Structure formats: structure tokens, C-alpha cells
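Protein chains: 4
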Amino acid sequence: MATMDMRTWRTGIAEVVSTDTEEEILVRGHKLSELTGSISFADMMYLMFAGTLPTKAQARVIDALLVASVEHGIAPPSMIARCYASYGTSIQSAVAGGVMAFGDRMGGLGEQLAKLMSERLTAISDDPQSIPEERLREVARDVVADAQTKGERVPGYGIPLHGMDPRAPKVMGIAKSEGTFGVFGRLGELIEEELADQRGGRRVAMNLDGVGAVVVLDLGLDWRTTRMFLITPRSVSMGAHFIEEQDQDTTWRHIPADWIDYPD
Amino acid sequence: MATMDMRTWRTGIAEVVSTDTEEEILVRGHKLSELTGSISFADMMYLMFAGTLPTKAQARVIDALLVASVEHGIAPPSMIARCYASYGTSIQSAVAGGVMAFGDRMGGLGEQLAKLMSERLTAISDDPQSIPEERLREVARDVVADAQTKGERVPGYGIPLHGMDPRAPKVMGIAKSEGTFGVFGRLGELIEEELADQRGGRRVAMNLDGVGAVVVLDLGLDWRTTRMFLITPRSVSMGAHFIEEQDQDTTWRHIPADWIDYPD
Amino acid sequence: MATMDMRTWRTGIAEVVSTDTEEEILVRGHKLSELTGSISFADMMYLMFAGTLPTKAQARVIDALLVASVEHGIAPPSMIARCYASYGTSIQSAVAGGVMAFGDRMGGLGEQLAKLMSERLTAISDDPQSIPEERLREVARDVVADAQTKGERVPGYGIPLHGMDPRAPKVMGIAKSEGTFGVFGRLGELIEEELADQRGGRRVAMNLDGVGAVVVLDLGLDWRTTRMFLITPRSVSMGAHFIEEQDQDTTWRHIPADWIDYPD
Amino acid sequence: MATMDMRTWRTGIAEVVSTDTEEEILVRGHKLSELTGSISFADMMYLMFAGTLPTKAQARVIDALLVASVEHGIAPPSMIARCYASYGTSIQSAVAGGVMAFGDRMGGLGEQLAKLMSERLTAISDDPQSIPEERLREVARDVVADAQTKGERVPGYGIPLHGMDPRAPKVMGIAKSEGTFGVFGRLGELIEEELADQRGGRRVAMNLDGVGAVVVLDLGLDWRTTRMFLITPRSVSMGAHFIEEQDQDTTWRHIPADWIDYPD
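Protein chains in written order, with our numbering: chain A, 1 to 264; chain B, 1 to 264; chain C, 1 to 264; chain D, 1 to 264.
Just so you know, the hints here were simulated from the structure itself, not pulled from any lab data.
Careful: at least some of the hints might be erroneous.
Here are the computed lysine-lysine pairs in the DSS-like style, where the Cα-Cα straight-line distance is at most 27 Å [stated by the list, open to error]:
| hint | chain 1 | residue 1 | chain 2 | residue 2 |
| --- | --- | --- | --- | --- |
| 1 | A | Lys115 | D | Lys115 |
| 2 | B | Lys150 | A | Lys31 |
| 3 | C | Lys115 | C | Lys31 |
| 4 | A | Lys56 | B | Lys170 |
| 5 | A | Lys56 | B | Lys31 |
| 6 | D | Lys115 | D | Lys150 |
| 7 | C | Lys150 | B | Lys150 |
| 8 | B | Lys115 | C | Lys176 |
Model, not experiment: these values are computed from the prediction.
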């Protein structure tokens with residue numbers, strides 16, 4: 001950890017080529033001019049994070065996760081974007097404001113689950129996918145027990161505003177049918193079982209944040225990319241709601257004084 | 001334009017359904033649980049902005065534009081995201097910071113061209129796609145002349161750091177081969193011709209911002225969505241560069257004192 | 001307007017001195033170690049923007065404007081900051097989110113008035129303070145007439161949520177008693193008179209945004225600094241409301257589904 | 001921690017009064033119209049966070065801390081704000097971008113020290129100011145030892161770009177001369193002594209982040225306010241540098257391709 005100036009940079013993500021004979025951008029070694037038109041956005045997103053192109057099955061799972069994550073109605077990030085529209089900000093500020101709103105209690109829980117699972121399983125084996133069922137069950141038990149001890153919830157389970165998350169099982173199902181479902185997905189299910197046992201059978205279903213986390217990890221991606229599979233697709237929602245609010249020509253979205261309690 | 005409280009909202013984008021019998025999110029009238037796994041992210045993005053699903057050809061053009069816009073090396077937005085990583089911010093703050101960096105001089109030029117073209121052609125006809133070539137040529141002449149009078153450049157043409165933009169012609173070519181190319185694309189070409197005539201034949205090629213603008217307009221989308229076709233894909237780059245910079249464990253990206261000139 | 005690298009910088013604001021014999025930061029030529037403890041924050045803010053230290057009277061006016069601008073209850077920027085607290089973001093993200101919310105329709109109107117006044121009066125004279133009353137009255141008439149023609153409101157007048165702005169007349173009164181009141185303040189009053197005449201005598205009082213604009217201009221500051229006299233003090237409110245919301249341990253501030261109208 | 005709607009709010013910070021007979025904003029029970037013109041910004045900032053007005057001595061210490069924190073040349077936050085200016089963003093976006101840049105490795109270290117000290121001393125006594133010297137020395141020893149065990153640095157000590165921080169000792173001196181210096185300041189000194197002992201006498205001086213932390217805690221403020229004593233004053237710097245960069249009419253601040261290393 002040394003302080004760095006703005007002159008020294010190293011990247012393996014992309015190289016900008018600009019010579020007398022060639023104008024190109026090499027992304028993970030691939031010519032962007034060749035990728036353009038031949039791969040999908042889902043392929044490209046995977047290439048950026050994994051360094052290699054995904055299989056057709058992996059790409060279908062990514063598309064499913066992205067599509068499921070694009071829109072959730074007037075939820076906090078789109079609410080923020082719409083408020084900004086009513087204040088007269090730019091669309092990029094509104095999207096930035098919505099993205100920033102993904103904190104530790106809203107939008108960030110998938111990352112927390114991914115980090116937790118990643119640390120637990122890589123501690124057991126360099127090849128987490130080889131960890132046997134019974135070992136996963138022990139981990140699930142530990143995860144639930146530790147949360148209980150700390151008086152915390154396991155991140156990625158349960159959902160406000162819905163009886164259950166309608167998107168989560170769908171994405172999980174696609175990961176299974178496409179064959180990308182692995183130990184992380186299985187660990188997610190085992191944690192769900194443990195939570196149900198604790199509650200005398202009452203199920204606390206994995207939500208989309210949780211499913212996104214296990215799907216991303218089973219695709220072999222870094223746990224730190226989890227949040228991007230929410231931020232990138234949901235930015236579309238922030239933009240769409242910003243434009244719709246502009247069309248409604250509202251202004252100054254605010255809390256009326258009589259909604260506020262002033263304790264003495 | 002009336003001040004609005006936080007209680008009154010209207011949206012045609014999505015409806016959250018949560019009843020005893022159903023948990024669903026209806027996006028532009030489609031069940032999200034059915035869209036998930038059956039359409040691509042490009043389809044979904046078009047659905048969000050256009051209100052209807054795109055044709056296969058339209059979806060291919062959107063994918064091409066998105067893929068071409070994902071990465072541009074250590075360019076301003078990824079530079080900002082990497083600096084933030086070195087300062088120890090969250091990934092969502094880094095992406096927000098990169099998104100906010102898309103101002104009027106960097107990243108916003110496509111929107112300016114889209115707005116300008118949209119206003120000029122809708123003023124001529126409610127069905128811009130029906131405007132004849134000769135009329136478009138007059139508009140191109142006016143656009144270039146007006147810019148010259150104001151001493152401004154026409155937004156969306158020319159590019160720093162490259163002799164020419166390697167991505168722009170590729171995307172434009174796909175719009176043509178897929179058949180989505182229309183009057184806006186043609187107007188873009190005519191403006192390019194006008195600019196070349198002015199410069200005694202020296203070409204100032206349309207850049208990716210410009211091509212993105214005309215492609216989006218020819219897809220029938222609102223000019224205000226233009227910026228989203230940069231913000232959403234480029235967010236992936238911001239996230240990838242943030243993670244790479246974290247892995248390099250840099251800290252405190254800064255300008256050394258001896259790079260700064262203090263005029264007396 | 002040339003593209004710039006990150007190596008070439010010029011500033012007259014501050015110089016960082018770090019030698020074997022001296023460690024100092026020179027702000028506008030003054031030693032920060034000597035300013036610290038000898039001047040107030042209001043003095044420092046003026047020094048940063050004006051390049052010189054203010055008179056006692058000017059400092060008192062700045063303090064009055066800053067104090068009046070710190071807090072406005074649970075208004076949009078503090079509402080945003082509190083929402084962020086409920087989402088589990090950092091305090092700096094919450095303040096950034098509140099600052100970004102100051103758009104063209106909320107928080108930005110003072111800047112618009114300052115720009116408009118500055119452009120009109122500098123077009124008349126290099127020394128605006130020398131412009132005579134009758135000329136100012138003509139300008140006021142033009143400003144109101146132009147707004148009417150465009151079907152717009154003159155920015156900085158009228159206020160939502162209050163019958164009138166309780167802070168504006170107080171700050172204006174202090175500018176007068178301290179003797180910093182000048183042509184910009186007078187122009188503000190004349191515009192108010194014009195607006196009243198138009199409305200058959202019904203007064204549309206200058207609000208704090210408007211008063212802040214004229215006070216800042218009469219202090220000899222650049223119109224672009226206007227927004228800072230709102231952003232900087234109000235950031236305190238964003239931080240205070242963020243902390244209070246954290247203490248209330250709320251989560252996921254959102255719009256309940258039944259507050260949303262879904263048009264068919 | 002219950003999900004909250006946008007209708008239910010409680011605040012003790014400020015109450016907006018708007019009746020037929022009165023227009024007022026009550027801040028911590030004080031009429032804003034009376035505070036305006038009678039107190040300084042430093043008084044107001046303390047009132048917002050502490051709930052009561054400061055003594056003259058406390059206000060002088062706050063002014064000293066604020067003044068010392070306003071400007072640090074073209075440092076990361078002002079560098080970011082200047083880049084944004086070159087990209088053509090708004091001044092509020094530039095300030096927001098600079099504020100967000102205060103992460104865990106840059107700008108956030110004072111908060112970390114304040115949290116750490118606050119937790120350690122409140123664990124010992126409900127009245128930390130009553131904790132005797134020898135007990136503080138034990139805490140200092142523990143803090144340094146724990147950091148060593150974790151292979152971390154104690155936050156708030158040492159500084160990049162300077163041999164020592166020229167601002168820190170000045171602010172600490174003022175806290176002593178004004179009599180607000182207390183156990184937190186003393187603990188800061190004892191930690192500095194411990195660090196020096198470890199390094200065979202080589203001093204690692206407390207920096208401004210560290211001094212800000214102890215000064216704020218000795219003023220009786222919540223550790224979470226620490227960051228605000230950097231964010232609020234430094235926002236002035238971000239605004240000033242944004243305007244100066246605009247005047248220089250730069251565009252597209254970027255990293256030239258030949259500064260980037262592409263590992264094979």
C-alpha cells in the first residue's frame with residue numbers, strides 16, 4: 001500500500017492501440033471491433049470480469065440474472081432517481097444517486113453473502129467446487145449459528161414488500177437447467193434449510209440478492225463483482241424512471257411538514 | 001410544474017404485484033418472471049425505454065452499441081473509479097463517481113447531438129423517417145452553419161486520443177446491415193460530409209457518441225435515453241477497473257507537488 | 001479548450017510547501033498555519049473565493065448567509081441523506097447524494113439569478129456598482145418581461161412550503177446594516193417591485209436563494225460561487241440528519257405499493 | 001430495524017413553522033431568524049451536532065479546525081473536482097464527487113481513530129473525561145499493540161506529501177490554549193509516544209485527521225461527526241478549484257496511453 005501518483009498505471013483489462021496503421025481497443029486480448037456485433041452484452045460483461053468469454057450456458061444465466069435485476073418498480077433507487085428529476089438534475093447525476101443508494105442495508109446484501117461464502121469455502125479448499133455435500137452442510141450450520149450468536153440475519157434471505165421474491169427461484173432454476181449451479185448455489189440452499197429448521201420449518205426464502213451472489217460465485221467470478229450485477233442492470237431502471245418523472249413535470253419532491261413528528 | 005409530496009406517484013414502467021395468490025413484477029405489462037430466461041439484457045433495456053420488445057434486428061444493434069461502449073481502457077470514468085479504489089471507497093461510490101463524470105464535454109456529446117437532431121427533424125415532420133434526402137441535406141447544412149456561427153463544434157464528431165474512433169463505423173455498419181439505419185443515421189452522414197467540405201475535404205469522422213445518438217434515434221427511442229447507452233455499459237468498466245486497482249493495493253492517487261505550476 | 005493530461009496543473013489558490021526547513025500551505029499567499037486560529041471560517045471561505053480577506057462587515061454578512069442556509073428541516077437534501085442512512089451508506093455518500101440533489105429546480109435558482117444579473121449588469125458597465133437607479137429599473141423591467149415572454153418565472157422569488165421565506169429578509173437586512181448592500185441587492189428589490197406590479201400588487205417575495213445571489217454578487221464574488229453558499233452550509237444539515245436517522249435505526253425508506261398509481 | 005415508508009419521520013434537529021401568524025425555522029429550539037446575524041457558522045455547526053450553542057472557547061477551536069481543513073492544494077478531492085470541471089459537469093456534481101472520494105484510505109482515517117477512541121474510553125467510563133492518565137497510557141499501549149498484531153497502522157498518524165503535517169500541531173495548540181483539550185487529545189499524544197517508542201524514538205506525528213478526531217471528541221461530539229469537519233470545510237476547496245479549472249478552459253483530463261503499462 002504505497003501512495004501512487006497519476007502517472008503510473010497498469011491494467012490487464014484493455015489496451016488502447018492507436019498507430020498510423022491501426023486503431024483498436026483490445027479487451028482482455030480481444031479486438032473490440034471484432035467483439036462488437038458478434039457477442040452479446042452478457043458475454044461482454046463476463047469477459048470484462050472473468051477475462052475469458054462465457055459458454056452459451058453461462059451467458060444465458062448472466063442474461064437471466066441481469067434481466068431479473070433491471071426493474072423493481074418505484075423502489076429506493078428509482079425513487080431517488082425520480083426525486084432528482086423533480087429537482088432538475090442531470091440524468092447522470094440521477095443514476096449516480098441511485099447507484100450510491102445501494103448501501104449495506106439495501107442492495108449490498110448479496111455482496112455480503114458472496115464475501116462470506118467465498119471466504120468460508122476458499123478456506124476449506126482451493127477448488128471450492130470439489131467440496132462435498134456434508135462439508136457444505138457444516139458450513140451452512142456454522143453460518144446460521146454465527147449469525148444467531150451475533151444477533152444478525154444471514155444476508156440474502158427474506159424480502160420486504162413481497163411475501164417472497166418472485167425473481168429469485170426463477171434465476172436459480174435457470175442456473176440449474178443450464179448446469180452452472182454449483183457448491184455456492186447448494187450452500188445457499190443448505191443455509192435456507194438451516195434457517196427453516198431454526199424457525200420450526202418456517203421458510204425464509206433466498207431473495208434475488210442472495211441468488212445473484214451464489215450464481216455469480218458459481219460462474220467463477222470474484223465476490224466483489226456481485227454488486228455490479230445489480231448496479232449495471234438497475235441503472236436502466238433509474239434512467240427510465242428519471243425520464244418518466246421528467247415527463248410528468250413534477251418538482252420539489254418533499255415531505256410535507258405534517259408528516260414529521262417533532263418530539264419535545 | 002407543481003411541488004409534489006412523496007405520497008403521490010404514477011408509473012407505466014412497472015407494477016409490483018403482491019397478493020395472497022401472486023408475487024410478480026409487471027414490466028411494461030410483461031411478467032418479469034416470464035421475461036427472465038427468455039429475453040436478453042438488450043431486449044430488456046429496449047423494453048424499458050421503448051415500452052415494447054425489440055425485433056431481433058433491433059436487439060442485435062443494441063447489443064452492438066452496448067458492447068462497443070463497455071470499455072475504453074483507463075479513460076476518465078475508469079480513471080476516476082480507480083482513484084476512488086485507491087482512496088478506499090465502496091464499489092458503488094466508484095461507479096457513481098464515474099457515471100457523474102459524464103459531463104457536457106465528456107460523454108454527454110451524444111445526447112447533445114441526439115437532442116439537436118430530434119428537435120430539428122420533429123419540427124419538420126411528425127414522422128421524421130419520412131423526411132426526404134434533400135431536406136436532410138438542408139438540415140445538415142444548417143446544423144454545420146449554426147455551429148460555425150456560434151464558434152462551436154458539432155457534437156459527436158472527431159475524437160481525442162485516436163486518429164479515428166475504431167468503434168463508430170463498426171456500429172454504424174451493423175445498423176445498416178440489420179436495417180435499423182434511418183434518417184438520423186443519414187443526417188449524421190450528411191453532417192459529416194458538410195464538415196469535410198468546410199475543411200477542404202479533411203474528414204472529421206463521427207465518433208461513438210455520435211453514432212450512438214443516431215442509432216438510438218433510428219431505433220425510435222427518446223433522445224434522453226442516449227446517455228444511458230453509455231452509462232449502463234460503461235458502468236461495467238468502472239467496476240472492473242475498481243477491482244483491478246484494489247488488487248494492486250494502491251493508495252492515495254495524487255498529483256505530486258512538482259507537477260503543479262504556481263503562477264506569481 | 002484542449003484535452004489535458006493529468007501532469008500539467010496551474011493554481012493560484014494554494015501552494016503546498018514542503019522543504020527541509022518548512023512545511024506550509026500557502027492559501028492565496030497567506031500561511032495556513034497563521035490563518036488557523038486567527039480568522040473565522042467565513043473569512044476563510046471569502047479568502048478562497050475572492051483571493052483577499054474580507055472586511056469585518058463582509059465577514060458578518062457571510063456568516064449570516066451561511067447560518068441562514070445551514071438547516072431547513074427534513075427538506076429534499078436532508079430527506080435524501082436520511083434515506084441513504086436507512087440504506088446503510090456512508091456519511092460521505094449521503095452528503096454527496098444531498099449535494100447532487102441541488103438541481104436546476106431545487107437549490108440552483110440562486111445561481112441562475114446571479115448569472116442573469118451578473119451578465120446583464122457587466123454588459124452595461126465594467127463597474128456594476130456605479131450603475132444608476134433608473135438604469136437598474138430598466139433592467140428589472142426587462143428581466144421580468146423576458147421571463148413573462150418565455151413563460152418562465154424569475155428565479156429566486158417565491159417559496160414552496162412557506163407563506164414567505166423567514167430567512168431572506170433577515171439576511172438582506174444584515175447586508176444593509178453592514179453596508180455591503182449594493183446594486184445587485186437593489187436590482188433584486190426592483191425586480192420584486194416589477195413582479196408585484198404585474199400581479200396587481202400581490203407580492204412575490206425574494207427567497208433565500210435570491211437573497212443569497214444578490215448578497216454574494218454585492219460582495220464582489222463570481223456568480224458561480226453562489227451555489228457554494230448553499231452547498232457548504234447545508235452539508236452540515238445532511239450530516240446531522242444522516243446521524244439522527246442512523247440513531248433511529250430505520251431501514252429501507254420506500255414508497256408503499258398502494259401509493260403508486262398504475263395508469264392503464 | 002424495520003422497513004420504513006416515506007410518510008413517517010421524527011426529528012429533533014429542526015422544526016419548520018408556517019402558520020398565518022408565523023414563518024420560522026426552529027433549530028434545536030432556537031429561532032433561525034434570531035440565530036442569523038447573531039452567531040457564527042462555527043457556532044451553528046456545533047449547535048447542529050451538539051444540540052446546544054458552544055462556548056466562545058469551543059467556537060474558536062471549531063473555527064481553527066475548520067479553517068485548517070478548508071484547503072490542501074491540488075489534493076485528491078480538488079483534483080477530482082477539477083477533472084469534473086474539465087468534463088463539463090455541474091459544480092454540485094464536482095463537489096459531490098470530491099466528497100465521495102473521502103474513503104477509508106483518504107479522509108476517513110480521522111473517523112476511524114475517533115470511533116476507536118470513543119469505543120475504548122466509553123467502555124471504561126460513562127464519563128471519559130474522568131479517566132486518569134495511567135489508564136489512558138494503558139489504552140494507548142493496547143491500541144498500538146493491537147494495530148501491530150493486525151499489521152495495521154493506527155489511523156490519524158503520519159502524512160504523505162509532507163515531512164509532517166503543518167496544520168495538526170497548530171490546531172492542537174489552540175485546543176490547549178482554549179482549554180478544550182481533554183482525555184481524547186491526551187490519548188492521542190500517548191499513542192504518539194507509544195508509536196515513537198516502538199520506532200526507537202522516531203516520531204510519527206499525529207496528522208490533521210487525527211487531531212481533528214481528538215478535538216471533536218473533546219468537544220463532546222459524536223465520533224460520527226468527525227468526517228463532517230473535513231467534508232464541510234473542504235467542500236469550499238472543491239468549489240474554488242472547480243471554478244479555477246473552468247476558467248482555464250481545460251477539457252478531458254486523462255491518462256495518456258504511454259503512461260499505462262499493459263502486462264503480458
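Quick rundown of the hints versus the structure:
1. Taking the CA atoms of Lys115 (chain A) and Lys115 (chain D), the gap is near 24 Å; set against the 27 Å cutoff, the hint holds.
2. With a C-alpha separation of about 39 Å, the suggested pairing of Lys150 (chain B) with Lys31 (chain A) is violated against the 27 Å cut-off.
3. Our distance criterion of 27 Å between C-alpha atoms is broken by Lys115 (chain C) and Lys31 (chain C), whose separation comes to about 33 Å.
4. Taken as a hint, the Lys56 (chain A) and Lys170 (chain B) pair is honoured in the structure, with Cα atoms around 24 Å apart against an allowance of 27 Å.
5. With a C-alpha separation of about 24 Å, the suggested pairing of Lys56 (chain A) with Lys31 (chain B) holds against the 27 Å cut-off.
6. With a C-alpha separation of about 17 Å, the suggested pairing of Lys115 (chain D) with Lys150 (chain D) holds against the 27 Å cut-off.
7. Distance check on the hinted pair: Lys150 (chain C) and Lys150 (chain B) sit about 22 Å apart at the alpha-carbon level, within 27 Å; holds.
8. Between the alpha carbons of Lys115 (chain B) and Lys176 (chain C) the distance comes to roughly 45 Å, so the proposed pair goes past 27 Å and is violated.
Hint compliance for this structure: hints 2, 3, 8 are broken, all remaining hints hold.
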